[in-house]
Amino acid sequence: MEETNFIMMALEWLMEFEPAALIAAASAIGAGFAMIAGIGAGIGQGYAAGKGTEAVGKRQSQQSAIVRTMLLGSAVAETTGIYALIIALVLLFANPLM
Amino acid sequence: MLKRDKGSDEMDALRNTQMQIIKGVLIVNGCIAIIGLLLISPALPFLIGLLFGTIISILNFRLLYLTVNKAVTMREAQAKIYAASRYMLRYFVVGIVLYISIKADYINILGTILGIITLKIVILKKELFNSKAYFKNIFKRKEAK
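These protein sequences, in sequence, are chains G and R. Quick note: the first sequence uses our numbering, first residue 1, plus one each step. Quick note: the second sequence uses our numbering, first residue 1001, plus one each step.
These are computed hints drawn from the structure, not numbers from a lab. A virtual CB, placed ideally from N, CA and C, is assigned to each residue, including glycine. One or more of the hints may lead you astray.
[To be verified] Derived DEER-like restraints, expressed as beta-carbon distance ranges: (1) R:L1124 with G:R59: 25 to 31 Å; (2) G:A24 with R:G1030: 36 to 42 Å; (3) R:L1038 with G:A21: 37 to 43 Å; (4) G:R59 with R:K1023: 27 to 33 Å; (5) G:L11 with R:K1126: 47 to 53 Å; (6) G:I23 with R:R1062: 37 to 43 Å; (7) G:F33 with R:L1124: 25 to 31 Å; (8) R:T1073 with G:T80: 23 to 29 Å; (9) G:L11 with R:L1089: 39 to 45 Å; (10) R:L1038 with G:K58: 48 to 54 Å; (11) R:L1124 with G:I36: 22 to 28 Å.
Chain G on its own, in the form it takes in the complex:
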């Protein structure tokens, strides 16, 4: 039974390493995961720009309103991506746990 307890085996394997090395490795993985959020904002902005173009093509007279809405929406979306960047950079270069 003990031989098949993979969780304990993994934990015992992890305990062989230095705690600082484990924290550094986990931080690097966490930073990588955090950066996934940055991709979403980029895809969203591209999609919004495509739809904005379509809307301006349909109603040229409403261009100002479309640009305004897109500008504000994109600014809010971009800040969400920046949060992820902040988390990733803090984990890599100013880690409070190390």
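Dock chain R against the given chain G, drawing on the hints supplied.
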């Protein structure tokens, strides 16, 4: 693309929106600077960070306007690529700014972060949470309104 015609109503409306948001960012960051001056003991790094973050956020907002204004005149597929590539460029600039703030001893990273994210708070306050009716009806069901 909307041209810079003086007196054009469309251009004026867009410029007014931008100016209002930039003014809002400056006011909010000014308040944060005063609070930071009172509460944080080495205030100078925090203030430098806040100034740095504010300047970069305003620059980013302006670049975003130029990108959006140009993107709406392109073809759809071209606009998607253009907007996403410009986003990556802006993201890279913010990344460099944050990296410098983390590494430099004379800049406080908290100030830079606050300077950058205030823009979102100002936009949400000005465009979404700008009516009292919104707060009054926030806990009401749609049927009760």
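Legend entry - Hints violated by the structure (listed by number, smallest first): No hint contradicted; all consistent.
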